[in-house]
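Residue numbers (my numbering), protein chains in the order written: chain A, 1 to 114; chain B, 1 to 115.
Any given hint could turn out to be false.
Cross-link-like lysine-lysine pairs, in silico, DSBU-like; alpha carbons within 35 Å at most [unchecked claim]:
(1) K49/B - K61/B
(2) K13/A - K26/A
(3) K13/A - K68/B
(4) K49/B - K68/B
(5) K26/A - K68/B
(6) K26/A - K49/B
Calculated Cβ distances over 12 Å to all of chain B for the following chain A residues [as the list claims (entries may be wrong)]:
(7) G28
(8) H67
(9) A80
For the record, the hints were derived by calculation from the structure and aren't laboratory data. Please read all numbers here as calculations on a predicted model, not as lab measurements. Idealized CB from N, CA, C, for every residue including glycine.
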Amino acid sequence: DAGVTQSPTHLIKTRGQQVTLRCSPKSGHDTVSWYQQALGQGPQFIFQYYEEEERQRGNFPDRFSGHQFPNYSSELNVNALLLGDSALYLCASSLASGGRTEAFFGQGTRLTVV
Amino acid sequence: AQSVTQPDIHITVSEGASLELRCNYSYGATPYLFWYVQSPGQGLQLLLKYFSGDTLVQGIKGFEAEFKRSQSSFNLRKPSVHWSDAAEYFCAVGPLPGGYNKLIFGAGTRLAVHP
Numbered sequence: 001d002a003g004v005t006q007s008p009t010h011l012i013k014t015r016g017q018q019v020t021l022r023c024s025p026k027s028g029h030d031t032v033s034w035y036q037q038a039l040g041q042g043p044q045f046i047f048q049y050y051e052e053e054e055r056q057r058g059n060f061p062d063r064f065s066g067h068q069f070p071n072y073s074s075e076l077n078v079n080a081l082l083l084g085d086s087a088l089y090l091c092a093s094s095l096a097s098g099g100r101t102e103a104f105f106g107q108g109t110r111l112t113v114v
Numbered sequence: 001a002q003s004v005t006q007p008d009i010h011i012t013v014s015e016g017a018s019l020e021l022r023c024n025y026s027y028g029a030t031p032y033l034f035w036y037v038q039s040p041g042q043g044l045q046l047l048l049k050y051f052s053g054d055t056l057v058q059g060i061k062g063f064e065a066e067f068k069r070s071q072s073s074f075n076l077r078k079p080s081v082h083w084s085d086a087a088e089y090f091c092a093v094g095p096l097p098g099g100y101n102k103l104i105f106g107a108g109t110r111l112a113v114h115p
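Given only the sequences and the hints, what does the whole structure look like? Please build it.
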């Protein structure tokens, strides 16, 4: 079992550009959540996807969008990048069983906006 | 609003000493509680979780945590710290009303271990 895999591991983008991050969930999981972890802070919930739909969203602007594919993998897209978007982006997968399950995290994608 | 507070930003202990990391939460219902560990540049690894039942839960790597509803706390403990335990530790609470496995994290406690 490969666990949760994210790509790429590191990325450098220029302010104003767009970026796409990818996540493959742990085998058997159907729910993918994305978190942003700024330097020195705890992860902040961006949104969650289940059955190819966004079903919950944190306090992030519309520049942050996502997608889930039929195989449960997911993408996070960020448009019009700002310097403040520099962070570690974490993907977590879980089962949609009402919360009594744990979330498994990937290694993250380190995004640097210059 | 739901929140998690980890009062200690940075803790330093000697190898072999005992450890306690504090976590307090604010939550309107019965919480599910988690402790995760993060090594530099890495993702999060689950140490232990509390859903219900026995308030003292055992986790991996010799860690344990105790849920105290009256104090809204879920402190992490280890009787004897190893140098490899140096990392950042995050307490989290979830799910939020409506379920969906969303987690709210504290700001983390960075643990340094002196030889």
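For each hint, the structure was consulted:
1. K49/B - K61/B: Answer holds: K49/B to K61/B is near 14 Å, not above 35 Å.
2. K13/A - K26/A: 28 Å, holds
3. K13/A - K68/B: Violated: K13/A and K68/B sit about 45 Å apart, past 35 Å.
4. K49/B - K68/B: 14 Å, holds
5. K26/A - K68/B: 32 Å, holds
6. K26/A - K49/B: 19 Å, holds
7. G28: Correct as stated: the minimum Cβ-Cβ distance to chain B is 15 Å, above 12 Å.
8. H67: Holds: least Cβ distance 18 Å, greater than 12 Å.
9. A80: 25 Å, holds
Violated hint for the displayed structure: number 3, the only one.
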